[in-house]
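Undergrad: Let the hints inform the model, and build the full structure from the sequences given.
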Amino acid sequence: IELFTLTSSRGDITADLRPLRVEQFDFSVERGDLTVELPRLDVSQGKLKTDQGNVSVSIAEDMALILKTYGSPRYQYDSLRYDLLEGGTLKRENVQAFQISLDVWLPGGATLTVLDVP
Numbered sequence: 267i268e269l270f271t272l273t274s275s276r277g278d279i280t281a282d283l284r285p286l287r288v289e290q291f292d293f294s295v296e297r298g299d300l301t302v303e304l305p306r307l308d309v310s311q312g313k314l315k316t317d318q319g320n321v322s323v324s325i326a327e328d329m330a331l332i333l334k335t336y337g338s339p340r341y342q343y344d345s346l347r348y349d350l351l352e353g354g355t356l357k358r359e360n361v362q363a364f365q366i367s368l369d370v371w372l373p374g375g376a377t378l379t380v381l382d383v384p
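Reminder that position 70 of the sequence shown reads as 336 in my numbering, one-by-one numbering, no gaps.
You may find that some hints are simply not true.
Stated by the list, open to error - Across the chosen pairs, the derived CB separations fall in these ranges: (1) T273 with S324: 29 to 39 angstroms; (2) L286 with A363: 16 to 26 angstroms; (3) E268 with E352: 28 to 38 angstroms.
Claimed, not checked - Straight-line distance between alpha carbons at most 30 angstroms, and here's what the computed DSSO-like set of lysine-lysine pairs gives: (4) K334 with K357; (5) K315 with K357; (6) K334 with K315; (7) K313 with K334; (8) K313 with K357.
If you're looking for bench data, these hints aren't it; they were derived computationally from the structure. Just so it is clear, CB atoms sit at the ideal spot from N, CA and C, and this is done for glycine as well.
TA: Set out below in structure tokens:
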């Protein structure tokens, strides 16, 4: 899939991309949470946006992620595996090339959760 888009004005979006080969994805919800399980074997770029809600991202523990945030979220992530850089970029430690790149927009005070899964 070249571009996978989901949009909702109200309600949560839950997307399991693990069985798909997705080059780019763009998920947006005005009022609701975004929960995304990222693909395992691909190089992907994505945009996640919520105006009123939280974002949760699950990624295979062997995948390299870099994530740029816009807004002032509260972060929940494994600080032994990820570095939070100045400007809100969260990246996997000790990795030069990234398989998944995300841009995430969420309101100030919302929670951004990054979970590594086996």
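Undergrad: Would you pick out the hints that fail for this structure and give their numbers low to high?
TA: Hint 1 alone not satisfied by this model.
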